[in-house]
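**Student:** Okay, here's what each chain looks like letter by letter:
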Amino acid sequence: MNVEQLDIRSHMAQFAPFDNLPDALLDRIAGEVEIRYFQAGSELLVKDQPIDSLWYIRSGAVEMYQRSGRLFNRLSEGDIFGYSDLMRSNRRVRYPVSAIEDTLIYFIPGDVFETICEEDDDFAEFVETGGQRLKVTVEQQRDDSGLMTTRVRKLISRQPQMVEASTSLQQAARQMRDANVTCVLVVDVTETQSAYTFTGRDGRYWQLNGILTDRDFCTRVLAEGKSSDTAVGEVMSRKLIVTQSDESVYEAMLSMLRNQVHHLPVLHRRQPVGVLHLSDIVRHETHSSLFLVNNIFVQNTPEQLARLSPEVRTGFVRMVADGANSEMVCRALATIGRAFTQRLIELAEAELGPAPIPYCFMVLGSMAREEPTINADQDNALVLHDDYDPERHGEYFEALARFVCDGLDACGYPYCKGDVMATNPRWRKPLAVWKQYFTEWMDEPNGERLLHSSIFFDLAPVHGEAPMVESLQDLIAELAPQRPVFLAALARNAKNRTPPLGFFRKFVMEQDGEHRKSINLKRRGTAPLTDLVRVHALACGSKAQNSFARLDDIAQTKLLADGVTERLRYAFEFMSMVRIRHQADAIERGAEPDNSIDPENIDSRERHHLKDAFEAISNAQKFLSFRYTMPSRQGASKGAAQSGGKASSRSRR
Amino acid sequence: MPRLGSKGSSRPNWPDYMAARAQQTGVPRLASFFAQGTLDPDMPIGEAPLVAMDFETTGLDGSRHDIVSVGVMPFTLSRIRPADGKYWVLSPRRQLSDESVAFHHITHAEVADAPDFASIIDELLALLAGRLVVVHYRQLERTFLDAAIRERLGDGLLMPMIDTMSLEARIHRQSWWARLRRWAGRPMASIRLHESRQRYHLPAYTGHHALVDSLATAELLQAQILYHYDWGTPVSALWR
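As they're listed, the protein sequences go chains C and X.
Under our numbering, the first residue of the first sequence is numbered 1, with each subsequent residue one higher.
Under our numbering, the first residue of the second sequence is numbered 1001, with each subsequent residue one higher.
If you're looking for bench data, these hints aren't it; they were derived computationally from the structure.
The structure displayed is predicted, hence computed values, not measured ones.
Among the hints, a few may not be true.
With the Cβ distance kept under 8 Å, some of the chain X side facing chain C (calculated, not the full set) [unchecked claim]:
1. Ser-1032
2. Ala-1035
3. Ala-1083
4. Gly-1085
5. Trp-1088
All residues carry an ideal CB built from backbone N, CA and C; glycine is no exception.
Chain X with its partners taken away, still in its complex shape:
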């Protein structure tokens, strides 16, 4: 299994990783996905084709919990077209707890007839190919996607992602000012999606719907880039 550069390196070499995986994986569908590669690391973010992605899950542990819905929203920094968004409700293999029903407003009845993740893999990969994925809290989407693909196809799937939550953390939690505030005992700025959006005066949406949250994430990235970076920032400075 190819490694993603040295451990702890914050700038993984994604093109090399993708090329190596294309050679190494025995799963043709994944091989062709990897072979399409990722964006040129020097491509300015303002020109990059992007796709916001959000999962709602039955829990936080990719090995024990399942994806119940997927929202993806292709976009660029200059336009988001909600009509291009895609949304699937999926059937979890394990029991849907009452808490997650209450949380996501997805009910037992709604998932009863829903398809398995396997049936959306092709369509999902086609939407992600050639675009840089944008998520809010990459740990969740990355591990769940990897686990779900591994379970169905026998091999995992990793790809570069821009994480709007860690961008927010860099700005609001790791700056010297944020450290000073923490040292002074002031509460840390919240970097949850809704609170992060408020800092950029983005309107409030009904949360916890995968497609709405992916739209919300796309808008948040547009705002973050304008505030803290610029359209010329290379994608490799942002992806992880």
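If we strip away everything but chain C, and leave its shape as in the complex, we get:
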């Protein structure tokens, strides 16, 4: 096989459904591929035109439209299209396709496509289920055999480091350091070809004879007192346990466990193509979200970042399917959201130059609490050093904010409807002004004003001088417990949104007796709960932002009766989980995830639990008015007027 076909082959081997094909079929496809370049904006496929190949995107991106002109699908590097048309009897294009970026296409001829479908059931299933791509992968992931079907080569990302046996230990160690790997393979030239040799790039026959790992440097070199100029061949492990690149990950893992090794050289036929480390498998299985985070930090433009956003949803669905609890799911989403934000700021700084004065980019609301959901919008602000001079620095930070907020919107974090974003000049201020903001909010609470600014009482640094934001957290924690009027106003706001009274098979019973068809689980469940937890947390001087962490702090005090924090924790976890599962289902169905739950889609057990959760919130809200009353009419400042009476809170929803 020619070199350029090897490149084609190794590119395809990274992407579904090619990643699960046996090597022989992959070779066959790579040998038959044809190539063509398309310019951004050009039409690739026109409706009803005949089609004779499967289209594979080597680089670039395309869009596919339905008859109505509605966007049907957006595909990028490694994706294929045209297969459903190829499987129709008349082989004509149903959905037109156009390039949204400059795109390089690999064509796989129709007869090759048919052969693969005949010979490989997984491939056939992949293309036959077509439209429900996400669903197929999700279901495969859900089933424990993921390890059985994933092939080893999918987990290796780079060529192995190889040395000859005569190389000195120091030289090998340097090579390992420079390549940032934990082992080298030891190979030597042999005269004759045998079952153990492979042909090197130089045309000679090479044989893999051993492996030297970082652990060996401890046990076989230092512990044995070997000098650094000893030849590698003298200390390497000769007991070689290897795996083939199309072996399943499961087999590879068994082999590692059986043989007590952590490094497994991977061969394609006899050629070493990589080394699999135990941690690669662990990472693949358990921390796909960390993979994504890692991926985020190597993207170089906002457009490239935006292309990762579908992976956030896939990862989310997978975590839910794997049985992660709401705290794990939300923390993963928060980590990913922060990573997007951080990378965008880095890119902004690369474009605009380093910041003229220190600053801190902070997130607010659910992201700061580490409780975002998949459809969360962005809430953020900029805290600037007190040397800030609008004349000299204003333009820079405005541009930075614009870059980051636009980028976040493109990455699936829509603009904040309330304009709580760093792009708003009001929320792009020096630290001293921020301290003044918070002091004013707490000293002279005005119900209306607090309603809009309560989002600022959940805050966390993301990038830059974290101590700036921490000093704001300190200020809040210090002042809030001593500001009863503020707490009372905040408590009253926390009761603005009430849970429904009950939950029946076909409708939701409101507190005023009205029936509704659906319920917004955020507005009527999790949001009122986070609001009331915030009031207690501020009252006890907690600096925690996460609701569970706040409940921990609250439990340390005597603010709430025994068992109440536990009940609230349970209610929060349960409602969050129902909401998360509802959103994962929507994504799997191809719908847009939202917070509205239809009672008919809730089973009786869940309905029962939800009712309990609403009741817990309702009771906790009643306790708020009892605990945080306005000290006296005279003491309250003008804005915080009116008593927090139960009667008035009832009528408000």
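With chain C's structure known, arrange chain X on it following the hints.
**Tutor:** Just chain X, lined up with the frame of chain C:
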């Protein structure tokens, strides 16, 4: 020896040149190659049979250095078929320097048993005949091919070529905008193969392999035509 039109003319009359050489050369193999002529100058580039060609050499001087590998890739603007590509490693007549070994990843051992250029001439000419050659930096391929053929057959070989590097230079170095940038002291756009490809968002390949580079050149031409010309542009507007 027939001349290629007046000196400095940017539009050589290639069909006349080829016809004249067919009559004039005493080498039958070259005569039959020339007799097959070249494409009609008015043929739209979108219909033209093309072939990308790339040499790796021991140096830059055709009179002192040798070809160590040849990659050719027949294609059209609508399709490139890598399976049709052809690649040869050749034995240089002169010493292979260590620098060029490091550069091309071709080793002494690999070229030790390789054939001489003479043994591939027929197959190479058959692939080039009837197709318009596309190279990146024609000076190198043109002079090395001419010198290598002249050395083995006793007469040289020139033919029209599209040079993706000079197309890139026309666009990025000779436009009024490029001149203005240079006047303003801004760096010139790089027109090397890899950097040129990046401008069209083509993926990065491992460089300095004759066959990979000929594929890379073919893709680059497809992109350049779409961006700056069109499929109807006559080949004579592009060849040199």
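**Student:** Please go over all the hints and tell whether each is borne out by the structure.
**Tutor:** To see whether the hints hold, each was checked on the structure:
no., hint, result
1, Ser-1032, "violated, 29 Å"
2, Ala-1035, "violated, 31 Å"
3, Ala-1083, "holds, 6 Å"
4, Gly-1085, "holds, 6 Å"
5, Trp-1088, "violated, 12 Å"
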